[in-house]
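Enquirer: Please build the complete structure, drawing on both the sequences and the hints.
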Amino acid sequence: MHIPDGILPASVCLGGYATAGAAAWYSLRKIGQKENPREGIPKASLLTAAFFVASWIHIPVPPTSVHLVLSGLLGAVLGYYAFPAVLIGLFFQAVMFQHGGLTTLGVNATVMGVPALLCYHLFRLRRLFGSDSRLGTGICGFLAGAAGIGLSALAAMVILVTTIPAHLDAAAERASIYALTLAHVPLMVVEGVFTALVAVFLLRVKPVLIEGECREAPARRVRGTE
Amino acid sequence: MRKKQFAVAVFLLLSFGVSTAAFAHGVRIAYQTKTAVEISAAYDTGEPMAGAQVTVYAPGNPAAPWLTGVCDKHGRFTFVPDLSQPGTWDVRVRHAGHGGIIHVPVGEALAAAGGTPYSPLQLVLMAACVIWGLVGTALFFARRKG
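Sequence lines, in order, name chains A and B.
Reading the first sequence from the start, the letters are residues 139 to 364 in the numbering used here.
Reading the second sequence from the start, the letters are residues 116 to 261 in the numbering used here.
There's no promise every hint is true.
Claimed, not checked - Take a look, some chain A residues computed to stay more than 12 Å from chain B by CB distance:
#  : residue
1  : Gly144
2  : Gly153
3  : Ala156
4  : Tyr164
5  : Gln171
6  : Arg176
7  : Gly268
8  : Asp270
9  : Leu273
10 : Leu289
11 : Met326
12 : Leu335
13 : Val336
14 : Leu340
15 : Val343
Stated by the list, open to error - Okay, the calculated beta carbon distance ranges per label pair:
#  : chain 1 : residue 1 : chain 2 : residue 2 : range
16 : A       : Leu292    : B       : Val250    : 32 to 38 Å
17 : A       : Gly268    : B       : Arg258    : 29 to 35 Å
18 : A       : Glu173    : B       : Phe255    : 18 to 24 Å
19 : B       : Pro201    : A       : His305    : 20 to 26 Å
By construction, these hints were calculated from the structure, which means they are not laboratory data.
We treat Cβ as the ideally placed atom computed from N, Cα and C, and that holds for glycine.
Expert: Dropping the structure here:
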């Protein structure tokens, strides 16, 4: 899912930077509208560290292997902090380990960060179950974790399939891209379960960490419509 | 009856004639030693990039591929560069949107570079520094809040 340098044409890389810039601006604006924007930074910073190392945890899915991404977890727990967290995590992965690349940073941030923001809204549906319902939190956590990977894998697939260079054997490359995308289905389950466990654990140990997003949501919405 | 025998005789003659003609062509095999470049491509997990597509670019012409091919199941690909074009040959390996490019100097010193130039220990140390930076940020802002 981390697209390296030299795979995508320059126009797609530029487009990626444009969408990532827009998403970052929107997220930062939403964070700035909070009563205390600094409040979420410790949480966001720790989860950025988790995101940064998660890509080292490889899960073999024959014939290939996939790694944890944690974008769904970041979205569920961090809300709008998730996008800057993904951007910073990807930057360090690209600079330190050549995992991803600097030219494709924008594309990768869009592919992983935008689904994270969608997962945040998906996770907030747990209010329908009541905000201290463990079952509801578990189900919505699972959905958020699975959707984060699923949407990212689909977005990466669309970008890669539409930009296969002309000199390659397009059919073979397309088949291998489809195989890699399918390999993310087991990962969706793994990340979904992981996100659900973390969400239920936080609900039991320190519900403020995930409830904060729930409580603030209506207030922000009112402010937005004014 | 006689006609039939004649036909058989003609057939035999023809077939011998054809086969002796085929044996008459000798085979000449010559050999020539050349310097080949073997690319071995693997993911950073160590798993070989089997079936990855390889594109070789000659120096001075980065637009048109000089050779294309596919890695074997061990992620290896061998090609013989044209020694009349010395310089840096670029070899691009790609599989399912993953891949990279390696620069092979041909003509002068044959040495290859590419991939991550760090040892695992250095990588762990670098990761630890980044994590400490993020944890430190978290601690700093957590303290301000209190």
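Enquirer: Determine for every hint whether it applies to the structure shown.
Expert: Tested hints:
1. A beta-carbon of chain B is positioned within 12 Å of the beta-carbon of Gly144/A; the least distance is around 5 Å.
2. Non-interface call for Gly153/A relative to chain B: holds, since the shortest CB-CB distance, roughly 16 Å, exceeds 12 Å.
3. At roughly 21 Å from the closest C-beta of chain B, the C-beta of Ala156/A stays outside 12 Å, upholding its exclusion from the interface.
4. For Tyr164/A, the non-interface assignment is confirmed: its Cβ lies about 22 Å from the closest Cβ of chain B, beyond the 12 Å cut-off.
5. The claim that Gln171/A lies off the interface holds: its Cβ sits roughly 18 Å from the closest Cβ of chain B, which is beyond the 12 Å cut-off.
6. For Arg176/A, the condition that its CB be more than 12 Å from all CB atoms of chain B is violated, with the nearest at approximately 6 Å.
7. At roughly 28 Å, the least C-beta separation between Gly268/A and chain B is larger than 12 Å, which holds for a residue marked as non-interface.
8. Look at Asp270/A: its CB is around 24 Å from the nearest CB on chain B, clear of 12 Å, so calling it non-interface holds up.
9. A cut-off of 12 Å between C-beta atoms confirms that Leu273/A is not in contact with chain B; the least separation is 30 Å.
10. The beta carbon of Leu289/A sits about 16 Å from the closest Cβ of chain B, which is more than 12 Å, so the claim that it is off the interface holds.
11. Every CB of chain B is more than 12 Å from the CB of Met326/A (nearest about 18 Å), matching its label as outside the interface.
12. With a cut of 12 Å on Cβ distances, Leu335/A stays outside the contact zone with chain B, its closest approach being about 21 Å.
13. Every C-beta of chain B lies more than 12 Å from that of Val336/A, the closest at about 17 Å, which supports listing it as non-interface.
14. The non-interface label for Leu340/A is consistent with chain B: the shortest C-beta to C-beta separation is roughly 16 Å, beyond 12 Å.
15. Chain B leaves Val343/A outside its interface by the beta-carbon criterion, the shortest separation being 16 Å against a cut-off of 12 Å.
16. Between Leu292/A and Val250/B the Cβ separation comes to about 33 Å, which falls inside the hinted range of 32 to 38 Å.
17. Look at Gly268/A against Arg258/B: about 34 Å separates their beta carbons, and that is inside 29 to 35 Å.
18. Our hint of 18 to 24 Å for Glu173/A and Phe255/B holds, since their Cβ atoms are close to 20 Å apart.
19. Pro201/B and His305/A have their C-beta atoms about 24 Å apart, which keeps the hinted 20 to 26 Å range intact.
In this structure, the earlier hints numbered 1, 6 are contradicted, and the remaining ones agree with it.
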